[in-house]
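Chemist: Chains S and B, in that order, give the protein sequences. FYI, the numbering for the first sequence is 315 to 866, going by the working numbering. FYI, the numbering for the second sequence is 83 to 187, going by the working numbering.
No wet-lab data here; the hints were simulated from the structure. Because the structure is a prediction, the values reported are computed rather than measured. The C-beta atom is built at its ideal place from N, Cα and C for all residues, glycine as well. Misleading hints may appear alongside valid ones.
[As the list claims (entries may be wrong)] Simulated DEER-style distance windows between Cβ atoms:
id, chain 1, residue 1, chain 2, residue 2, range
1, S, G590, B, L141, 54 to 62 Å
2, S, G590, B, G128, 37 to 45 Å
3, S, A675, B, L141, 45 to 53 Å
[What the hints assert, rightly or not] Which stretches of chain S does chain B cover? Using the computed rule of at least three CB atoms under 8 Å from a CB of chain B, they are:
id, segment
4, 518-532
5, 535-544
6, 652-662
[Unchecked claim] Counterexamples of contact, computed for chain S against chain B with all Cβ distances above 10 Å:
id, residue
7, A321
8, S351
9, E366
10, T432
11, A582
12, A790
13, P800
14, A824
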Amino acid sequence: MRPDGRAEGWRQAMAWLHTWSGLVLGWLLLAIFVTGSLAFFRHEINAWMRPELVQAGPSSAATLALAERRLRELAPDAPQWSIRLPDGREPGVQLAWREPAPGGGRPRFETRAMDPATGRLLDPRHTMGGDFFYRFHFELRSAEKSRWIVEGRWVVGLATLAMFVALLSGIVTHRRIFSDFFTFRPGKAGARSWLDAHNVTGVLVLPFYLLITFSGLMMFHTLYLPAGIAAAYGAGGKGYFEELSGQKPGSVQRQRGTTARPPGPMPALALPAILGQARAHWPAGRVERLTIEREQDGKVWVDVAAHEGDRVQYRAPSLRFEGVSGQFVQARDVDAPMARTYGVLYGLHMARFAGPGLRWALFGFGMLGSAMIATGLMLWVVKRRAEAGRRGAPPPGAGQRVVEAFNLAAIAGLPLAVAAYLLANRLLPVAWPDRADWEIRAFFLTWLACLFAASLRRDAWAWRLGFGVAALLWTAIPVVNAASTPSLSLWATASSGHWGIAAVDLSAIAAAAVFAACAWRVRTPARASYQASPAAPLGKPRVAAVAARGGA
Amino acid sequence: MTSRPSSLPWSYRGGVLSRALAAVLGGYALASAVSAALSVHLPRWGWPRSEAVVAGTLLAFLFYAVAVLACFKCRRAAGAWAVTLLPAAGLAALALAPGWWGSVR
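Just chain B, with the same shape it has in the complex (with noise of 0.2 Å):
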């Protein structure tokens, strides 16, 4: 059997609450991007704006869920970062876009 360090270094309860928080705020934007990037663009194929909500607010809660598990899978605290920020700026920018498109056009 190991012996345990004594004491946890500071450096592992920081990437800890990293991670928790990459988890929770990280997981919430994405959870945010899905469902509104779905919301803006369901309607293109003929759902209409409450059905696209619902179901984009569905699927969201399940991607949040399983950001929560992967900031945890990742290997470094970083990781858990980018596994939900780049997703998330990704879909966020795709539910803007309607809006940059129209105010340039």
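Just chain S, with the same shape it has in the complex (with noise of 0.2 Å):
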């Protein structure tokens, strides 16, 4: 894209595309990258967020029985049952059911938790726990029963779209894959330790960005691309997830949906039965869901699905028995080689497989995706900034100068928020009304705030502020938990073996040291090229410089 119009190559072209598809929505990728890689903790973040269920007592050969019956005094009346069991990466047995919503709206789903030892209730607090992270990656969620799900999806499909395009030019720009690898000169001055930074950080485990963008937007085709579905199903797409799901169209009535109740309580069932039935289908598997149906006609179903983890590919199989007599009916799971490919693509993005080792290696590769794009993001600004100082330009324009103030507040300010975050949930009344949604505002005003600091000052003071009241606020995490819910302060964690919440203490200390790293870093002299831009507000007029403008 030059300026005068001249032809170029596919690298000088792809250059430019790089430059700009990776700015445009930068810094909201940031976020996505950052909040996707906490969601592969998000059942450990869950546990550390609701510390009243580490009470919560082993499962046991009784445990389905005492949910059954629990759900029995909740709501015996339900056209819907569903009874998660616990795994280990989450305590606590999960029941949930569906009430038809009166007046024909969409029916509501209710959940409690319940102690596996000895059927009684547990009382969380009430928080969206890492749910929060898991539903920003790809919905943009603002508040626990938010109303802009579905534009949130979209928004995140585009910024998606922009990933996978920057990432394809930026494979074309940066040709010398493997000698990037090599190369990095942390002590050079300027532009030149921040392309290095951004080169490695892509380079290293491009694959993983590759697959993750990619299955990201095959993750939505239904809601992103229906065009294809519309056009072998008719405009409603009524039978493809059927099909895609293995069975057979027509083979099973379902009805999704429906708001009348069918009439009397659930009828006797043979849960134990199916539940053994089951076991001995998956020897060597786990079982993670039952789902009880009840239709109209009376009939029940009881679905076991296979738990998410025992297998890459996603959805795991289930079982279908018939639920009053505990007779099997059918076994689902897709054969057929597309679906499959999808399912593979589905379970590598999800990774509810990886262990513990795999799951930090995951982790691991988010947070270098999250290096890249914020490097991308710095290198914009040093090389204008460089150029700049080479010609002797008049000082930033407004575009330069917005690009700052949201890097400032996507790279220093996300984090702020997330501790922000998770300090609420410990802080805030556990009978204070609209709990879950004020830990959320805490997240978005502390994000908001960064931003407004950001808009202000952008020099290296600023930088170093907020990356040292980062350090302080990740500091503080395991400090107020020990604090507040000595049950769960470290000491106590790790000596009871609950290494899953452990770790999100140890891991706020990690991080911690890392932004207190970074704030001490933003001084020194390989920085020093980084130059302070003059304090000056974002409605400043600009004189004459240029933000806009083709070449990389």
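Please dock the two separately framed chains into a single complex, following the hints provided.
Modeler: The following block contains the structure:
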């Protein structure tokens, strides 16, 4: 994209595209990458944020019967029950049921946590937990019951496309992928070391970025790209999901979202016998969930789903039983090659299969991706500064100041906001009204405050302050945790072997160390080339500087 | 070093906007047409419908990304529209053809 309109080669054209496709939604991409990385540990963060669940006992052969009895008390005539058995990552049995909404609205789901040992209901504090990061990652969830979910998914989809384009154009631009791998000159002044850092983080786990981006688009293909489904199945896409999940169309009538309530209470069920058959069917596997569905004619189906973490391909296979007699009806799994390819892409993205070692590796890859995006955003600014410095150009224009402010708010501000979210979980009183939403507000208000601060100052001092406060907040997390919930202090969880929960505190300490190092490094000579910009407010009219130009 | 113009001409900015629209909207039209054409025609070779849809959609996202790259490689903005909309129109006709054929007969 040369301003003079002359012909250019693929590399030059792609360099331009790489710069701008990376910049336009770069800050959102950074947030998507960071929250997605955190979502690899959403079950552990869930457990950390619901300290009341840590007292839950171990599960036993009697757990299922206890769950059934509890559901009979809570929702005897609900059309659907669901029981999620504990799996070691998150304590407690999750009981859920569907209530048909009065007046034909969307049915509501109610959930409760139960102690697997005693059947007692647990009463955890009201929070979205790690699920907030998970939901923000793909739909920009801004409240527990947000009305903007579909819009959020579209925005994330557009950002994912931009990421995909930036990756592909980046590959064309940085042809020397292998040698870039061994080139890192941290001491070099200015844009050179930022470029090296961007190349190293970009190249190191490039297949991971391509996979996560492409699968991210594909996971929402029914929303993003419904043309194929509409062409083959008609406008509503009726029957596509059934066929995709390996069911014969019309083999089992499903009355999803029915508003009518089937008559009478849930009949007596043969759940223990059903679970026994399922365990015999998967001798080496685990059972994750039982879904009990009651139809208008009184028939009850029990679907037993294998644990999602037992294989890479997503979704897990399931078995269907007749609920009252316990008779086996059919096994459901996907065996068509394209559907399995899709399932494997989906499963690799979700990473439910990953054990602790691989999970940490994937988290590390996500952090490398975040660093790639952050260094790319910094590079945009540093390059322009270096160029302006050479030419003795006037001070940066409004466009550059906006980019600098967004960089500061995204790179130093986002970790601050995440820390605020975790701290709000411990500092807000348990009985606070709407407390789940207030935790999320703590996240967004902190982030907004960072953006406001960044609009006032963007010099080295501001960066040091941002990273310094982030280091302080992350240090505060294990301290506040130990003070407010002694049963979950690092000492208590480490000595009782709750390593998933202890890992949150330990990671907070590690994050604090990283941000302290960042705050320290901002002023060392290696970064001195990142010159402090004059503290000009964003609204100041620019003199003659050019914000948008051709060339990378 | 060549000196840059102090401000980029509006024709250039318009060209960037036009290409960006061609990339996002034209690319989307192309991706939709790819997935629709494959979803309709792969079953002729014995593919189950859902398999054809998944294969078509997987390929469509790749086409989308490559179309965006091509839009910014084109020398002129009009080329960006041509490179997305012409194949999109052809593939859309291919996807719709069985319906037209059926209604004519």
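Chemist: With reference to the structure, classify each hint as holding or not holding.
Modeler: Okay, the hints, checked on the actual structure:
1. Taken as a hint, the range 54 to 62 Å is violated for the pair S:G590 and B:L141, whose Cβ atoms sit roughly 45 Å apart.
2. In this structure the supplied range 37 to 45 Å holds for S:G590 paired with B:G128, their Cβ-Cβ distance being about 40 Å.
3. Distance hint check: the CB atoms of S:A675 and B:L141 are about 30 Å apart, inconsistent with the given range 45 to 53 Å.
4. Only when three residues or more bring their CB closer than 8 Å to a CB of chain B does the claim for the segment 518-532 of chain S stand; here the count is 3, and the claim holds.
5. Note: the segment 535-544 of chain S has 6 residues with beta-carbon separation from chain B under 8 Å; the three-residue rule is met and the coverage holds.
6. Counting residues of the segment 652-662 of chain S whose beta-carbon sits less than 8 Å from any beta-carbon of chain B gives 4, enough to reach three: the coverage restraint holds.
7. Not every beta carbon of chain B lies more than 10 Å from that of S:A321, the smallest distance being close to 6 Å; the non-interface claim is violated.
8. Consistency note on S:S351: stated as away from chain B, and its beta-carbon is indeed over 10 Å from all of that chain's, at 23 Å minimum.
9. Distance check for S:E366 against chain B: the nearest CB is about 43 Å away, which clears 10 Å, and the non-interface claim stands.
10. Distance check on S:T432: its Cβ is at least 45 Å (rounded) from any Cβ of chain B, clearing the 10 Å threshold; non-interface status holds.
11. Even its closest Cβ contact with chain B, about 37 Å, leaves S:A582 beyond 10 Å, as expected for a residue assigned away from the interface.
12. The beta carbon of S:A790 is kept farther than 10 Å from every beta carbon of chain B, the shortest such distance being approximately 43 Å.
13. Residue-level check passed: S:P800 sits 50 Å from the nearest beta carbon of chain B, beyond 10 Å.
14. Every Cβ of chain B is farther than 10 Å from the Cβ of S:A824; the closest lies at roughly 35 Å, confirming the non-interface assignment.
When each numbered hint is compared with the structure, violations occur for hints 1, 3, 7.
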